Structures are given as C-alpha cells and as structure tokens.
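If you're matching them up, the sequences are chains A and F in order.
Here the first sequence is numbered in this note's numbering, starting from 1 and rising by one per residue.
Here the second sequence is numbered in this note's numbering, starting from 276 and rising by one per residue.
Derived by calculation from the structure, the hints in this document are not laboratory data.
This one's a predicted model, so the numbers in the text were calculated from it and none came from an experiment.
Among the hints, erroneous ones may be present.
[As the list claims (entries may be wrong)] As a list, the in silico DMTMM-like pairs of lysine to aspartate or glutamate whose alpha-carbon atoms are at most 20 Å apart:
1. F:K529 / F:D558
2. F:K406 / F:E385
3. F:K352 / A:D37
4. A:K186 / F:E397
5. F:K381 / A:D228
6. A:K181 / F:E332
7. A:K86 / F:D293
8. A:K86 / F:E332
[As the list claims (entries may be wrong)] Label-pair distances were calculated between CB atoms; the ranges are:
9. A:D118 / F:D408: 57 to 63 Å
10. A:V30 / F:G403: 34 to 40 Å
11. F:Q354 / A:K165: 29 to 35 Å
Built from N, CA and C at the ideal position, the CB exists for glycine as well.
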Amino acid sequence: MKKTSLGKKLTASPYIVWSMLFIIVPLIFVAYYSVTDASGNFTLEYISDIGRYKDVMLNSIWLGFIATVISLILAYPLAYIMARSKANVQRTMMMLVMLPMWMNLLIRTYSMMILMQDTGVINSVLSFLNLPNVHMINTQGAVVFGMVYNYIPYMILPLYNIMAKMDHSLIEAAEDLGANKLTVLKNIIFPLSLPGVASGFTMVFVPSVSTFYISKKLGGNTFSLIGDVIEMQFKSANNYNLGAALSMVLMVLIIICMMVMNRFTGDDDDGGVLI
Amino acid sequence: MGDNYIIKLQNISKKFEDDVILDSINLSIKDKEFMTFLGPSGCGKTTTLRIIAGFLEADSGQVIFEGKDINSLPPHKRQVNTIFQRYALFPHLNVYDNIAFGLRIKKMKEKDIAKKVGEMLELVNLKGFQKRDISSLSGGQQQRVAIARALAVEPRVLLLDEPLGALDLKLRKDMQVELKNIQKRMGITFIYVTHDQQEALSMSDTVVVMNDGKIQQIGTPIDIYNEPKNAFVADFIGESNILDGVMLDDFKAKFSGAIFQCLDKGFAVNESVDIVVRPEDVDVVPYGEGTISGVITSNTFKGVHFEMIVDIDNFKWMIQTTDYYPVGTKIGIVIEPDAIHVMKKSEYSGMFGDYSSFSDELEHLSDVTAEEEE
Numbered sequence: 001m002k003k004t005s006l007g008k009k010l011t012a013s014p015y016i017v018w019s020m021l022f023i024i025v026p027l028i029f030v031a032y033y034s035v036t037d038a039s040g041n042f043t044l045e046y047i048s049d050i051g052r053y054k055d056v057m058l059n060s061i062w063l064g065f066i067a068t069v070i071s072l073i074l075a076y077p078l079a080y081i082m083a084r085s086k087a088n089v090q091r092t093m094m095m096l097v098m099l100p101m102w103m104n105l106l107i108r109t110y111s112m113m114i115l116m117q118d119t120g121v122i123n124s125v126l127s128f129l130n131l132p133n134v135h136m137i138n139t140q141g142a143v144v145f146g147m148v149y150n151y152i153p154y155m156i157l158p159l160y161n162i163m164a165k166m167d168h169s170l171i172e173a174a175e176d177l178g179a180n181k182l183t184v185l186k187n188i189i190f191p192l193s194l195p196g197v198a199s200g201f202t203m204v205f206v207p208s209v210s211t212f213y214i215s216k217k218l219g220g221n222t223f224s225l226i227g228d229v230i231e232m233q234f235k236s237a238n239n240y241n242l243g244a245a246l247s248m249v250l251m252v253l254i255i256i257c258m259m260v261m262n263r264f265t266g267d268d269d270d271g272g273v274l275i
Numbered sequence: 276m277g278d279n280y281i282i283k284l285q286n287i288s289k290k291f292e293d294d295v296i297l298d299s300i301n302l303s304i305k306d307k308e309f310m311t312f313l314g315p316s317g318c319g320k321t322t323t324l325r326i327i328a329g330f331l332e333a334d335s336g337q338v339i340f341e342g343k344d345i346n347s348l349p350p351h352k353r354q355v356n357t358i359f360q361r362y363a364l365f366p367h368l369n370v371y372d373n374i375a376f377g378l379r380i381k382k383m384k385e386k387d388i389a390k391k392v393g394e395m396l397e398l399v400n401l402k403g404f405q406k407r408d409i410s411s412l413s414g415g416q417q418q419r420v421a422i423a424r425a426l427a428v429e430p431r432v433l434l435l436d437e438p439l440g441a442l443d444l445k446l447r448k449d450m451q452v453e454l455k456n457i458q459k460r461m462g463i464t465f466i467y468v469t470h471d472q473q474e475a476l477s478m479s480d481t482v483v484v485m486n487d488g489k490i491q492q493i494g495t496p497i498d499i500y501n502e503p504k505n506a507f508v509a510d511f512i513g514e515s516n517i518l519d520g521v522m523l524d525d526f527k528a529k530f531s532g533a534i535f536q537c538l539d540k541g542f543a544v545n546e547s548v549d550i551v552v553r554p555e556d557v558d559v560v561p562y563g564e565g566t567i568s569g570v571i572t573s574n575t576f577k578g579v580h581f582e583m584i585v586d587i588d589n590f591k592w593m594i595q596t597t598d599y600y601p602v603g604t605k606i607g608i609v610i611e612p613d614a615i616h617v618m619k620k621s622e623y624s625g626m627f628g629d630y631s632s633f634s635d636e637l638e639h640l641s642d643v644t645a646e647e648e649e
C-alpha cells in the first residue's frame, strides 16, 4: 500500500486545500507577526515581553487544568454508565450530552451569567428560601464552572467512545480469573480507557486555557486570562505583533502540557488525538 | 453424593426476548472428562457454557457444582475458567502479566508467581515468552497464552468456547492433539464447544450433540457416529444416507425396494423407521450382482477416495469408493448387516440425508455461516 491511488488523493484534496488556507497559512502569519514589529522588521522584542504576562498565563493554565480535571471526574462515571446501558438508553443519554451544544456558546455563557449574578436566579431562589446569598459571579470559581459546563461534552464523547468499543470479553475474562468489579475497573477498564482520557483531556484543556469569552462574562473585570489579553491586543490595543507572540508562546506551552499528559497515558493507541 | 460428577445441569432453560435458546437441559459432567458440546450455530451450546461459567443466569433450573447449587455465584467465585473465542488477552499487559493476572488477585507471592508463569509457559510450549507484547504474538501463540492464563489459577473445570476457530487447519490439528494432552496431564475437566464434528470426535470422551436448544444425543464419539439417535445427529456427524424404511421384523429392514438383513431389533412389526447408511459402508459391485442398483450422477475425487452421488430408485445416495467409476455407469450395491443403522422416526425425519441438492459449494457456504456463531 505504498502508492495512494489518484482517487484517494482527489478525495483528500478538499480537506488539504481547506487546512492550507485556514490553518497552515494563518499559523504562518501568526508566527511571522510574532517575530516582527509593526513595520515588518525582525525582532524578538514581543516574545521576550512575555515575562510581563507570566502570571496571567500560569493562571490560565492552572484554571484550565482544574476545569479539565473536574470534567474528567464528572465525565468518567457517566461515560462508563452510558457505555454499559441498553442501546436506546445510550442514544437518549448521548442526546442529552449533545443538547447544550446545539446552543451557541455565547448564549450559554450569557445565561450562566444571569443564573449566577448577585441578583440572579440562584440568589433569588436562595433569598426566597431565606437562605444566605452566595457571591458567584466574577470569581475564578464561576469561570471554572463555565469552562466545565461548556466543554464537558468533549470529555464525555471520547471516553464513551472508547468504553463502548471495549471488548466485553476482556471484562469477562478478568472476572473469570477472579477479579471483582473494583479490580476489573482498576486493572482493565481504566488502563484501556487511557487513550480516551488523553483525548478528552486535550479537547477540554486546550479551549479552556485559551478561552476569553467565558472569563470575560463570568470573571468580570476582576481578573483576565491569557485569552482575554490576546484578544485585547488584536481588538482594542491594535498590537498584532504582541498578540501573535502571546499566541505562539501559549501554543508552545499547551503542546508541552499535552506531551507531558501523553507521556502519562502511554498514548500510542487509537483514540488519542493530539490537538 | 457418591458419584463422581463435578457439574450437573438440571432443567436449565433460557430465553432471549421470546427466543427459546435452551429448553430444559439436563446433563451430568464427570470429573476429569473431556466433554464436547457439538452443534450448529444457535443451538445453545455457547449459552450453556456461559451459564456454567456464570456470565449468564438461567431462567430456570440449577447448576450444581460438586453437589452445591452455584446458580447465583458470580463468575469470579467459581472454580471454572474460560478460554474465550477470541482469547480476550489483556492488550495492555505483556505475556507474563496476562498469565499472572489471576495469581495476583489470589495474592500469591511474586516469586511464586514467576515460577508458576514459567511452568505454564513451558506447558504450552512458549518458554521464554514472558516479556513479549500480546500484539506481537501470532494467533496460535495468543491461543497458548490464553490457555496458560486460564490454567495458572488451577481451575477444576476449563471451559473452551470454540478456541481453535480462528486458527488455520494445520495449526488446528496440532492444537487439538496438544489440548487433549494438556487435559490428560493436568487431570481436570474440559468442556469444549465446537461446531466442527471432526474436532469433537477426535478429542472428546463424551460428545453432547445439541440442536434447537435441546440435547439430541449424549455418548462417546464412536456411539454418536455409529448409533445416531435421530436423523439430525446422523446428518450432522459425518455424511449419511438417511432413507425411509420399514422394520418387517427383528433383524429385517425394507428400504429402497429391497429387504436387508440388519443387526437392529426391538421395533414393532412393520414400524416406519429411518435407516442410516454411511457412504463409506456401501459396497459397489457390478451391475446386476447387488441387492439394489443405481446410476452414478456425479463423481468427485477427494484424495483418499472418490465421492459419488448415485441415483437409486430416485433417491440420491452418497457413496465413497476407492475405485473410479465414470459418471453414467450402472452399478450394483451391497450393504452388509452391520452397515445398516435403524432409528426411530423423529421430528427430523425426512429433513436430512438426501443428496439430491448436494454440492461442495453449498457445503462450504454452510461451514462459513457456522463459523460466525452466536
């Protein structure tokens, strides 16, 4: 199978053209802008400027990491139960998981804002029940909650996928050899689901770290994430070169995080997605 | 309980939705015996095995293990182990860790585990394979690891679900011999599921022929072959010409328009019966010299013998000979008394044993569907 037939090449070509135009070329632009100044001369000034944004960047990665871990803890048992359910139950649960994704991210985040405001729905209900109000909006907790809420389907799907595909006779074989349910989960199901964990981790971690909308709406002006800073460079500060440099550094940091993650999961099987 | 039965199945029935898979199965399995469940796809043999293993619970009836009801005992507490159809080796563990899996659950010391794994690998002729990855093994080697893994925990009974189904013919034959040897050496009970009658006949102490969720016959391979109970068994095990006949008297059967001496008795006078004649038991003589006669309609060379389809009185017989006769030859037929087997009429009468629609290709097709199995 060394030669790819012409037919195959042709069917792949729309995607290749697409990714050239909208992924590779923009990436080259970002890379170019990150090492040049406004007049187009080569400079490392912006890259070295990164030190000023160190705290924001670390905070973004930290919050993204927390959101990803929470998603994983919530999604894993759900995916397991889904994969073990009857076919029609699986379909219904899958639809419920997908349902929020039918709505626009902005609208979802906006509605969360309304829920969590000091005078929002949750606090109104608490007041009505004569319970003390809770300050939620404009906290890091609210932002993490938003990340989990928005991105958890991307954790559930790969986990569910890999668990549904798992050969059931492996579980039977383990039981047959004397393993109880807990041992089966620990020694068979969990290690075999690691590629799905890696996949879900990537798909939640990356958008969480680089989000700007969620932090803006739920975090208010109390703090900003790196995504907000980058957005600001392009929109209000009009400093494309700094924005590009920040993007490049963020990208490198994310790749490093993913590589560490993949080292943990020994990801060489199918099911793993690298960014 | 003075008998030496290790497992007894009592009135086991099982339905999936509205399909009856097992219909009141009664079976006693002796300690240290090699028992085979033989039957076509969907006959219930794998279901029976899974009920013994504990992966399925019967709708009604009891599984008795050494006199104790184990119906509600989960698989991990049963002293039986299974070799799965596709081996079910753990892909994330190497050969050593696969075999050690059950031993570690038993909390055996790592030193003893290493020794046991070594012994097991030697038993299945895979010495030195400890560190190998499962994915680097051939089908036959994976099969051996699966056997070693199951035997390492020293089960009283080993259940084998079509274990050789995925291997090629040559390897299959070797493994048959080897499995039989392992069973003798370990001195444990093997319960083996297969749809391959040759496999069942050559390996088993006892064969249980199943169809439609019922046991059709239980017996030694020789019994099953020589004394089939009904037309289904006669047709499923080997090739058979199954004819409508009448028992005129003890030792006297009438079929194909002639009267034959036979060794069967105990039927009512003039009782309608099914007559089985194996293709290799028919003697071909020159035309006119036989008890009956017919015309050869096809002849296929099979290596050891020729396989002819012969039209006798509008019934197509299969006859195997070592001599060659061209198609169209008229021949005479002689059948010795011990070559005739008389069976009571059953629900399967008239369904099998006529070679009018026989072709190798059809035979082959039915083999392929049988391999896909439940």
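Okay, the hints, checked on the actual structure:
1. Restraint check for K529 (chain F) and D558 (chain F): the C-alpha separation of about 18 Å stays at or below 20 Å, so the hint holds.
2. As the CA atoms of K406 (chain F) and E385 (chain F) are separated by approximately 15 Å, the hinted pair is consistent with the 20 Å bound.
3. Of the supplied pair hints, the one linking K352 (chain F) and D37 (chain A) is violated, its CA atoms being roughly 72 Å apart against a limit of 20 Å.
4. Of the supplied pair hints, the one linking K186 (chain A) and E397 (chain F) is violated, its CA atoms being roughly 30 Å apart against a limit of 20 Å.
5. Taking the CA atoms of K381 (chain F) and D228 (chain A), the gap is near 56 Å; set against the 20 Å cutoff, the hint is violated.
6. The straight-line distance between the Cα atoms of K181 (chain A) and E332 (chain F) is roughly 18 Å, inside the 20 Å bound, and the hint therefore holds.
7. Distance restraint check for K86 (chain A) and D293 (chain F): the Cα-Cα separation of roughly 18 Å lies within the 20 Å cut-off, and the hinted pair is therefore satisfied.
8. For the hint pairing K86 (chain A) with E332 (chain F), the CA-to-CA distance comes to about 18 Å; that is within 20 Å, so the pair holds.
9. A C-beta distance of roughly 58 Å is found between D118 (chain A) and D408 (chain F), which places it inside the suggested range of 57 to 63 Å.
10. With their beta carbons about 54 Å apart, V30 (chain A) and G403 (chain F) fall outside the hinted range of 34 to 40 Å.
11. At about 32 Å, the CB distance of Q354 (chain F) to K165 (chain A) agrees with the hint of 29 to 35 Å.
When the structure is compared with the earlier hints, violations turn up for hints 3, 4, 5 and 10 and for no others.
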